[in-house]
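Novice: The residues making up each chain are set out below.
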Amino acid sequence: MSERSLVHIKDRRTGMLVEATLIDGVTREDVELAEGQWDPYLQKELARLQSEGVPRNQWPQHAHWNWRDKQKAVEGVLAYRMFGIEHSSEIQGLMLCVTAGKTGRIESQKGKPLVYVHFLAAAPWNLGSMSREPRFSLVGTVLITVAIQLSLDEEFDGRIGLHSLRQADEWYEKACGMTNLGSDPSAHDLKYFEMTPEQASKFLK
Amino acid sequence: MNQSISAAKRTMTLNLTEAEMKALDDLSAQKDISKTAVLRQALRLYQMLDRRLARGEKLFFEHDTTKEKAELMLI
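Listed in order, the protein sequences are those of chains A and B. Just so you know, we're using this note's numbering here: the first sequence kicks off at 1 and counts up by one. Just so you know, we're using this note's numbering here: the second sequence kicks off at 1001 and counts up by one.
Hints may contain errors.
Unchecked claim - List time: in silico BS3-like cross-link candidates among lysine-lysine, alpha-carbon distance up to 30 Å: (1) Lys1067(B) / Lys112(A); (2) Lys1035(B) / Lys102(A); (3) Lys112(A) / Lys44(A); (4) Lys102(A) / Lys1058(B).
As the list claims (entries may be wrong) - Just some of the chain A residues that point at chain B, by a computed CB distance under 7 Å: (5) Ala73; (6) Val74; (7) Leu78; (8) Lys112; (9) Leu150; (10) Asp153; (11) Ala168.
Derived from the structure by calculation, the hints contain no laboratory data. Owing to the predicted nature of the structure, the values given are computational and were not obtained by experimental measurement. For every residue, glycine included, the Cβ atom is placed at its ideal position computed from N, Cα and C.
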């Protein structure tokens, strides 16, 4: 079941907030729309980065994520929730969360349930690492807000956790105020970040 | 954005044995969530496991330090 509600993201060209649609329960059609829009842009920009000799470690690390496969794998599974943000008939960002089976790792939160953010990505034209003039900001912020709200709805007090790609480490730590628990050998040595109820409350203010 | 994003809920009555109710009470206290939230968690996990088992997969637990694996038998 897919539900839609109003959120706001920022148009970087004008600096103004614009209305966007939060999709709760991203459908196959939504993912196909995103794929049809993101892939051509990605391929064009990756070719440009290559021709300009930009080192591969500066290319977007999630460019290979296949959202169609992810949506297909979790469709109808209650534990998973997939969200998207749409503006101007374009998908501006996607996020996949799981709401069961994950618990806190921070000492004071150990054993308490949290919402785990499996995947979060903004559209390639919104990425500073990909686009010379990124179009919209706040897409990641809105999606993290949604994950926290989901955690509150589930009685998890705003606790969320995620493994970050290296390029996003600083954003999760500084902009989101999450606790960095260091590299996780069970997750390709990606850094694991967690947000406590107090951090969630601060983020929402 | 400060609005609930959860779907509307329906109510049901549940009959549990004394032992089941105690287990539910204990989990609710340990996890610091209501009994309803515990049961919703349980349903999600059960549905996820059931789907994977139906695909012919097995469920294993791995010890964090020894890496010893043990299969969880479900009937």
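Novice: With reference to the structure, classify each hint as holding or not holding.
Specialist: Going down the list of hints, with the structure as the test:
1. A hinted pair counts as satisfied when its Cα atoms are at most 30 Å apart, and lysine 1067(B) with lysine 112(A) qualifies at roughly 23 Å.
2. Distance check on the hinted pair: lysine 1035(B) and lysine 102(A) sit about 18 Å apart at the alpha-carbon level, within 30 Å; holds.
3. Between lysine 112(A) and lysine 44(A), the direct Cα distance comes to roughly 44 Å. Violation of the 30 Å bound is thereby established for this hinted pair.
4. Restraint check: the Cα-Cα separation between lysine 102(A) and lysine 1058(B) comes to about 19 Å, which is no more than 30 Å; the hinted pair holds.
5. This hint is violated: alanine 73(A) has a C-beta 10 Å from the nearest C-beta of chain B, more than the 7 Å allowed.
6. For valine 74(A), the interface hint is violated, since its Cβ never comes within 7 Å of a Cβ in chain B; the closest pair sits about 9 Å apart.
7. Hint status for leucine 78(A) relative to chain B: holds, with the closest Cβ pair at about 4 Å, below 7 Å.
8. A cut of 7 Å between beta carbons decides the hint on lysine 112(A): the least distance to chain B is about 6 Å, and the hint holds.
9. With a cut of 7 Å, the hint placing leucine 150(A) at the interface with chain B holds, because the nearest CB-to-CB distance is about 6 Å.
10. With a least beta-carbon distance of about 4 Å to chain B, the hint placing aspartate 153(A) at the interface is held under the 7 Å criterion.
11. Below 7 Å, beta-carbon pairs count as interface contacts, and alanine 168(A) has none with chain B, the closest being about 21 Å; its hint is therefore violated.
When the structure is compared with the earlier hints, violations turn up for hints 3, 5, 6 and 11 and for no others.
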